[in-house]
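Chains as they are written, first to last, in our numbering: chain A, 1 to 313; chain B, 1 to 313.
Hints in this document: simulated from the structure, not taken from any laboratory. Quick caveat, the model's predicted, so the values are computed rather than measured. The beta-carbon is built from N, C-alpha and C at its ideal position, and this holds for glycine as well. Watch out, some of these pointers could steer you wrong.
Said to hold, decoys possible - FRET-style restraints, in silico, Cβ to Cβ:
id, chain 1, residue 1, chain 2, residue 2, range
1, B, Asn91, A, Arg190, 18 to 28 Å
2, A, Leu254, B, Ser216, 25 to 35 Å
3, B, Asp293, A, Lys191, 19 to 29 Å
4, B, Asp293, A, Glu198, 51 to 61 Å
5, A, Arg132, B, Ser216, 40 to 50 Å
6, A, Gly113, B, Ser194, 31 to 41 Å
7, A, Tyr88, B, Glu287, 35 to 45 Å
8, B, Lys135, A, Glu153, 56 to 66 Å
One letter stands for each residue in the lines below.
2 protein chains.
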Amino acid sequence: MSVLAVGTVAFDDIETPFGKREKALGGSATYITMAARFMCDEVNLVAVVGNDFPDEYVDVMRSRRIDLQGLDVDKDGLTFAWGGKYHYDLNNRDTLYTDLNVLSSFNPTIPNGYRSSKILCLGNLEPGVQARVMKQVENPSMVLCDTMNYWIENSPESLKDLLGKIDCLVVNDSEARELSGIPNLVASARKIRSMGPEVLIIKKGEHGALMFTEESVFSVPAYPLEDIQDPTGAGDAFMGGFAGYLSGCKKINLDALKHALVYGSVVASYTVEKFGPEGLYDLTRSEIEGRIDSFRDLTTIPMADLALIGSSS
Amino acid sequence: MSVLAVGTVAFDDIETPFGKREKALGGSATYITMAARFMCDEVNLVAVVGNDFPDEYVDVMRSRRIDLQGLDVDKDGLTFAWGGKYHYDLNNRDTLYTDLNVLSSFNPTIPNGYRSSKILCLGNLEPGVQARVMKQVENPSMVLCDTMNYWIENSPESLKDLLGKIDCLVVNDSEARELSGIPNLVASARKIRSMGPEVLIIKKGEHGALMFTEESVFSVPAYPLEDIQDPTGAGDAFMGGFAGYLSGCKKINLDALKHALVYGSVVASYTVEKFGPEGLYDLTRSEIEGRIDSFRDLTTIPMADLALIGSSS
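Starting from the given sequences, assemble the full structure and let the hints guide the process.
As structure tokens, this is what we get:
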């Protein structure tokens, strides 16, 4: 029951119509691990931060049972920082700045104790870096991988190599369309799966997610929320919830993947209710289970057709 | 088991990346009735056409058991005509022209034989016209109503009156946001339901639909299709499938509404696979039932958690 997340730990400047945060704790590895921990005994993180990274944020993560042996502190540089501003409807955002800082020379070394992790989550990084991480992990049950438009455009060859090695790609709908060159998501999924990943998850923000496997398509909505404060990190939290659930499965079959997708969606829903990762700070497994039950009501088609007068077939 | 649809019968000029049709059979009442007929004995249509409406299209509808007693032929004018062109991703379209023609003076009279219809579908028309239709129908089990941004902006008072009288409003997400003035769909739904309709359905195109009632929210995805030719009429076909299913229910409770929503989504999926209403011409109830089964696979969260090693709560 172990998850290893390799990605970023960052400072995020976030502005939404409902408030703002400066230098909030952020980054893909942060959200993945903070989300995975609810379903998982052992959560391992590999990332780099700079000399400006505060003890306070280290404590936030450590006190949530995230193992930080793999958090490299680069004394010669500053922590990766990102700033974004969301539009009124929260579906679009402008990136205000991206300061790579210590991330630009990040070449992750996986601690020995992490090398047998069951589920490996490759957060969004340069595909060559993601591939080097994979080589250091011994036979994980599943390798999940995120990417972004920048790598699709600028590192197509190393991304192609990587896709042949991973088990599950997790991207959003625009990334899927760009990677495949096909606007239709079903056709796009077929093409992406032919590039390697057995499982493809396409995230659609407020519209939920689709999971494509050899046998089937599975759809989960986003949990309907009346009060969304900040969508930052929802996609990474989704991957973390998905990975955390799978780490507890004896066998990763289609039913397990479907369950995991629901857990991912539910953990993401808690993330967007507060700023940054704050919605994950004091969340409990039993709150998650409660929302899983509501999720069933939201999506379950009743079985009985007994209410019908008759049918005109 | 009767559905009455009052709306438009039109000529549509349609262009999508996959082809085009000129003067295709179109209009809200056309799609609603063509979709409702699979689940319903008696499908009644009220609309107006001009002197240019061809017998061929009358035959298309009549041969599909649509009662055309209520189709008024205005000898002094031309049929309502619309032209639209879809963008590459099919999610956006430009309206090229709208010629109201005989529709501009349409004041529907409901034939006596239609006045006891069980389900009344008010296709998109001026809200005052929709209200006058309602007065002519005796105690239907359910009144469904569509509207559009034009009426939200230009007839807010008569729309407000109408909303206090109907049972179910069926709009798309941008219309819901404009009607409520609220970008969040859950909050938007709460406000719209407070204006009158017990049931609110928000259509989201390729992302499916949400149904809001007093007790619950229910989500259906759009059926995932690899080959979508033309989205025209999908929303009206959705309403027709929904209405047709409800017309066969002894009692319209939450389970019935959920089932109806799935039937609506499935019938809409057949609509978009061909141009105009052609996907509904030779469709059968058993094909619909087959896709309903696939729909369950697409959305059903497996019950058993037996695959779990343990849980870390």
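Tell me the numbers of any earlier hints that the structure contravenes, in ascending order.
4, 6
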